[in-house]
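Engineer: The primary structure of each chain is shown beneath.
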Amino acid sequence: MSHHHHSRRDFLARAGFGLGGAVFGGLAPSGALWANEILDPIAPRQPHHAAKAKAIIWLHMAGAPATLDLFDYKPELVRLNGTPLPDSFGKNLKTATDGGVGNLFATKREWKQHGETGAWVSDWLPNLAKQADDICFLKGCKTEGSTHVIASLKLHTSGLVPGRPALGSWIQYGLGSANPDLPAFVVLPTGVGAAGGGRGAVIWSSGFLPAAYQGTAFRKGDSPVLYLDRPAGVSDVEQRNTLDLLKSLNERHAAQYPQDTELQARQKSYELAYRMQTSAPEAVDLKKETAATRALYGIGEKETDEYGTALLRARRLVEKGVRFVHCISGAPDNSVDSWDAHNGIEKNHSVMCKQVDKPIAGLLADLKSRGLLDTTLVVWTSEFGRTPYGQSGDGRDHNPWGFTSWIAGGGVKPGSYGATDEIGLRAVSGVVDTYDLQATLLHQMGLDHKKLVFQHQGRAEKATTVFGDVIKDILI
Amino acid sequence: MRKFALIITLQLALAAGVLAAAFEVSDDDMRDIEDTFKSLDSNVTLKDKKAASEAQELVAYFQKVEGFYAQKPDTADASGWARETHAAAKRLEAAVNEGRFDAALEDVHQIQKTCKRCHDVYKQK
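One line per chain: the protein sequences are Y and F, in this order. Take the first sequence: its position 36, counted from the start at 1, is 36 in my numbering, and no numbers get skipped. Take the second sequence: its position 95, counted from the start at 1, is 95 in my numbering, and no numbers get skipped.
Excised from the complex, chain Y in its bound form (with noise of 0.2 Å):
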């Protein structure tokens, strides 16, 4: 392997070359990259296998819903509710959140079941029970942590610590992308405060992989990226004779520094910003959709107007050839902070589900009268659950033992997958973890998480790290 070698000279045959053969003249033995390779991010490449998937549509819930108040159903909590944990759920936990162990806290919602297959589905949730045929539910998903950070991180990056890239930008890194005018990897935060952007730009950082790699976050409005817009007084011509000179500028600086994927990450994206102004506005134009359309996402509607013009926006930017759409849930307003309900439940709850019920049951529906449910995997998920002991009289702790994530589309079968005990407190059978989680995801696109490496400080680093089996059963 010669990746310590480049030369000046070298980099340049490179790049006479194009990026793209630099890309398999620089293959490791295991068909990895080192760090410093010079590589294309847009440039498309070929999966491991057969893709199922074109498309992620990643819905992050920030702050952790209560799954047990939308999607598992207990009986035994209602009967034992009132009473203290018993022995026997309680047995090897190690962690002791916050809040200690109150008594058991039963869920005050309304039940049915929906759907030829049979998904319970609170009353919280009254338009997504209507697509529940089309949903696999993973009620035995578990993660590490119970802190948002540490959680959140590992959610999307399969790190405990800041650093690693986040799924999105191994997906691009590992197929390319499906459309060089826009970003392959777009994040759509939603809601106000902290949460809003569910734990920070680390959850969308594309860690240790070239930094083109990160993901791309759209603003609200007719605007999706700040100073995207060529600045008034300045016609076309100029600006693209000032990109030119900047670009042989920075040719001539970067073959100074061959490894600095950084400087290379920002000549990709004055180009891809140049031609941004055209794709961007128009992907995230809502005015070309019909009105029966825009209804459809509750828009218009005060509740679900922010989170549902987010999810109309995933839409057409899948539609675009836009790998994955990361769609983050934040408070609507200042009533209530996230899906953090450590205390009034019913009313964080309450205001959370409506933001986001509609949206997503429209997004569902649209996707499917569109065909392209059956190549784009929307993923509802969380850094954890909630528990089903109370704390602080009316709201629930963090819950990293048991939860209820969902995945809809792309080739996954619909229908309920694993389970938590009785009372909903741990998963004991179909358990997913975040890292399988991932694994399945990366397989439906088309990627073996164990194949998809990249070399970096000398060392072979995955997806998924060392972790992560994909969920064999839920496969179409």
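Keep in mind that the hints were calculated from the coordinates and are not lab data. Check the hints yourself; a few may be wrong.
Simulated restraints on C-beta separations [as the list claims (entries may be wrong)]:
(1) Y122(F) / D229(Y): 55 to 65 Å
(2) K113(F) / Q113(Y): 32 to 42 Å
(3) P162(Y) / D74(F): 36 to 46 Å
(4) E34(F) / V237(Y): 57 to 67 Å
(5) K113(F) / K247(Y): 46 to 56 Å
(6) L226(Y) / E34(F): 38 to 48 Å
Here's a subset of chain Y near chain F, in silico, CB distances under 7 Å, partners left out [stated by the list, open to error]:
(7) N92
(8) V453
(9) R459
(10) A460
(11) V466
(12) F467
All residues carry an ideal CB built from backbone N, CA and C; glycine is no exception.
Chain F: place on chain Y using the hints.
Structural biologist: The following block gives chain F in isolation, referenced to the frame of chain Y:
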């Protein structure tokens, strides 16, 4: 002479017993072996023979872990996982030494599974 030999033997046996009893599954050791395991995963992926010494280290460590849990009451599950991990580590070591890296990677995967199962119950978080 026979008496001397007996004393030496007894002393050695006692020392071995003390050593065996002294082994504890500690957080520090686990962190070290986790580092080794991550490096091993990388080296197996890269088909690098450096994996051989790391596999050997893994075998030696899980032999001790297996012994530790075998003597500990009420840890049948951990004992089973340690036994499985030890066996997988031995298979892995053989595969690496024979240059069968694809097979070794499967054993790496098997080991991470048993590690995780055990950590879910026994790792202090």
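Engineer: Now tell me, hint by hint, if it's right for this structure.
Structural biologist: Hint check results:
1. Y122(F) / D229(Y): 55 to 65 Å: With Cβ atoms ~57 Å apart, the hint holds.
2. K113(F) / Q113(Y): 32 to 42 Å: holds, 34 Å
3. P162(Y) / D74(F): 36 to 46 Å: holds, 39 Å
4. E34(F) / V237(Y): 57 to 67 Å: holds, 58 Å
5. K113(F) / K247(Y): 46 to 56 Å: holds, 49 Å
6. L226(Y) / E34(F): 38 to 48 Å: holds, 41 Å
7. N92: holds, 5 Å
8. V453: holds, 6 Å
9. R459: Holds, because the Cβ-Cβ distance from R459(Y) to chain F comes to roughly 4 Å (cut-off 7 Å).
10. A460: Hint holds; A460(Y) Cβ to chain F Cβ min 4 Å, cut 7 Å.
11. V466: Cβ of V466(Y) sits 5 Å from chain F, so the hint holds.
12. F467: holds, 5 Å
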